[in-house]
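Protein chains: 2
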Amino acid sequence: MEEIFSVDKLREFTINTFLAIGCSEADAGLATDVLIKADLRGIDSHGIARLIGYVRLWEAGRINPAPKIKVVHETPSTAVVDGDSGLGLIVAPQAMNIAMDKADQVGTGWVSVKNSNHFGIAGYHAMMALERDMVGMAMTNASPLVAPTFATERMLGTNPIAVSIPTKEQPPFVADLATTTAANGKLEILQRKDSEAPYGWIQDKAGNPSKDPHELKNGGALLPLGGDREHGSHKGYALGSIVDIFSAVFSGANYGPWAPPFVSFLPLSENPVGEGLGHFLGAMRIDAFRPADEFKSHMDNWISRFRSTEAIKGKKVLIPGDPEREIEAIRQNDGIPLNINVVEDLKSVAKKLKLEQL
Amino acid sequence: MEEIFSVDKLREFTINTFLAIGCSEADAGLATDVLIKADLRGIDSHGIARLIGYVRLWEAGRINPAPKIKVVHETPSTAVVDGDSGLGLIVAPQAMNIAMDKADQVGTGWVSVKNSNHFGIAGYHAMMALERDMVGMAMTNASPLVAPTFATERMLGTNPIAVSIPTKEQPPFVADLATTTAANGKLEILQRKDSEAPYGWIQDKAGNPSKDPHELKNGGALLPLGGDREHGSHKGYALGSIVDIFSAVFSGANYGPWAPPFVSFLPLSENPVGEGLGHFLGAMRIDAFRPADEFKSHMDNWISRFRSTEAIKGKKVLIPGDPEREIEAIRQNDGIPLNINVVEDLKSVAKKLKLEQL
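Heads up: the protein sequence lines correspond to chains R and S, in order.
Here the first sequence is numbered in this note's numbering, starting from 1 and rising by one per residue.
Here the second sequence is numbered in this note's numbering, starting from 1 and rising by one per residue.
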C-alpha cells in the first residue's frame, strides 16, 4: 500500500521537522535536500522513510541539531573533521566542501569525518563534485549488520562507496553501491512484502544460507558482496573493511562492531573506540590529470561505447546512475510514493513535534 | 604436475631474462622483484608464469625495455605519467614513488599512468607505501575479458584494486582483489585440471551461466564480482569501470574494450583511444589524518577484534593479506612450485634468449 505525495509537500514537511528539532534554516534545507534526493532517485530506504529515525536519535540525545563542525587536523590535501554529533546529512556536505576546496588548491582533497551520524545516500555527497568538474567520492561506515566471510557475528555496516565522474554531453557516471550483496533497504522491501530473499543475501545466526528476510531479527546477518567465499565474499568483506578504516580509523570515529546503531532503541557501546560514526569524502579535479574538456570528451566516448555493448537478448547494458536518473525524472513530475507504514510514521512525527500533518 | 625451485634460482633466471631483452640492471632487478613477489604470495598466475608473455610482447615490439618514463602533467597532489611503452612492472613502482613523494609534500599523492603494460600484482605497488607509513592504493585496467551485467561482449579487464594499510604490532592489512567473481588466474588453474567452475564465475557466448572453464576461448566471458544481477554483479561492473576510468581516462590510456591484450598473438586495436594500458596509484600519509602512532594502534585493535570474530564452526575469520603472508613464509623457505607447463615455457625462453637453463 502506497500513497503519492508531491515533492514540494514532502520537502516542506521535512524542513519543518528539522526546524522543530532545532536545526537552523540553512541546515534544515540541506538535510531535507539530501533526504528527498534519495526518494527522488528511488532509494526509498534512505529518504524520508528515515526521518522518524533521525527524530528518535535526537530524542535520545544522540544528535546535536546545532553542531559546531570543525577541522581538527589537516594538510594541504587532507583534513579530519569533527562533526560534533551533528546530522550526517549536514556534516557530510560540509566535509565535501572542504575536500573540494582543497582540490581547488592542490588537485585533490580527502576528508575523514568523526563524531557524525547517518549521512543519507552516499551518492548525494559524491555528486556535489560534478558541478565543480571534479570526481567525487563518498563512503561511510554504518550500524554493524554484516558478517565477514566465515563469521557468524555482525562486524561491519553495509558501508557504501559512491563515485561520481563528470561528462560533457552524456549524463554523469554515478555509482553508489553498498559493499554487500544487497543493501539493507532491499531487504526491508522484502520484509514488508513477506517475500523470500535469494540465497547469498543473508545468513542465519549459525552462518547458514537463508532466504528469510526477517533473519536479522534473529541474530542473522547481511552478507558481503559476493555472498559466499566461492563467489568472492572475501572481496566484499575487504571493500567494506576499507570503507570502515578510511571512515573511522583515519578520523577517530567508532569502527567495526563499535559503530553506533541507527536505531535509537539499541544501546551505544559502553567502551567506544572513537567518537560517533565516520565518513570519508574525496574530490579530484579532473584537470589535475588532463585538460577538463579532453577528459569529458573521453568520458562521453566511454559511456556511449559501454551503452552500445552487445547484450543478452531482451536486455541492455546500463551505465551506473542510469536507473536512478530515470526514476528521478519520473518522480520529479509525478510525485513520490510512500509506503503506508512510512506515512504512519510521519503522522506520529507531526503529532510529536506539533507540526501540520502531511 | 609441479616442480619446486628455490627463490634464488628463479630470481636469477628472471633477472637474466629481463637483462637479455635489454632492461638495465636496476630495471631487471625491480621487474624480477615484482614477479617473484606474486609467486611468493601464492598468486601463481601473475608471477614467473607470465615471464614468457612479457618476452613475447617484447618480440612483438610492444614493450620498450629501456623506457624514458616521465611526468606529463601535474599538480601538488597529482601527476600523469607516460610509461613510454615500458614494462608495467617497472613503470608502476616509479609512478608509486612519485605518488609517495607528493604525499610527503601535501598529504596525499595520486598518479594515473598511460602507455604502460601489465604491471604484475597490484598488491606489490600498494605495499610499497607501508614502509613510509602511508596507505597505498594500486589499480590497473587490463585485457578485456569481462562482460558487464546483461552483456554478451567483453568490455573490461579483471581490473584489480589493492589497498595496503600500515599497522604497529599486527601484520599490515593488504587487500588485493580483482573486481570479478574470480580472477583469471583461478580459471587458469581449473583449465589445467579440467575441473568445473562454480556458476557465477563465467558465462558462455550468449550470456548463459556456464561451468566450463574453457568458455573464454569460445567467446564467453568472466563475470563481475556478484556474478549476476540478483547477487550484485552491477556493483562489480561499476567497480571495474571506476578502475578503468581512473587508470585510463584520467591518464589518456586505452580504456574498456580498447585496452591492449596481454597475449601478443591478439592484434592491438586499429583505432586506439589512448596510449597503451593504464594504472592508478595512490598514497596517503597516515599522519595527514592523525598521529601515525595513534592510527597504527587503532589498526592493531581493528585487526585483533576482527580476527576474534565469532566464526562458523570449523572456520576462522581472516584479515585481508593473511593467506598470502602465510604462503610467503612457507615458500620463502621451501621454494616455489611451478606447474610443468610453466617450466616448459621457461625452457623455451632460455633457448630463445640463449640463457642458462633453469
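Calculated from the structure, these hints are not laboratory results.
This structure is a prediction, so every number in the text was calculated from the model and none was measured.
Hints should not be assumed to be uniformly reliable.
[Unchecked claim] Output of the computed footprint for chain R on chain S, the stretches with three or more beta carbons under 8 Å from beta carbons of chain R:
1) 19-29
2) 106-112
3) 223-236
4) 247-258
5) 285-293
6) 342-355
Heads up, the beta-carbon is just placed ideally off N, CA and C, and yes, glycines get one too.
Open item on the list: Output the indices of the hints that this structure fails to meet, ascending.
Closed with: 1 and 6
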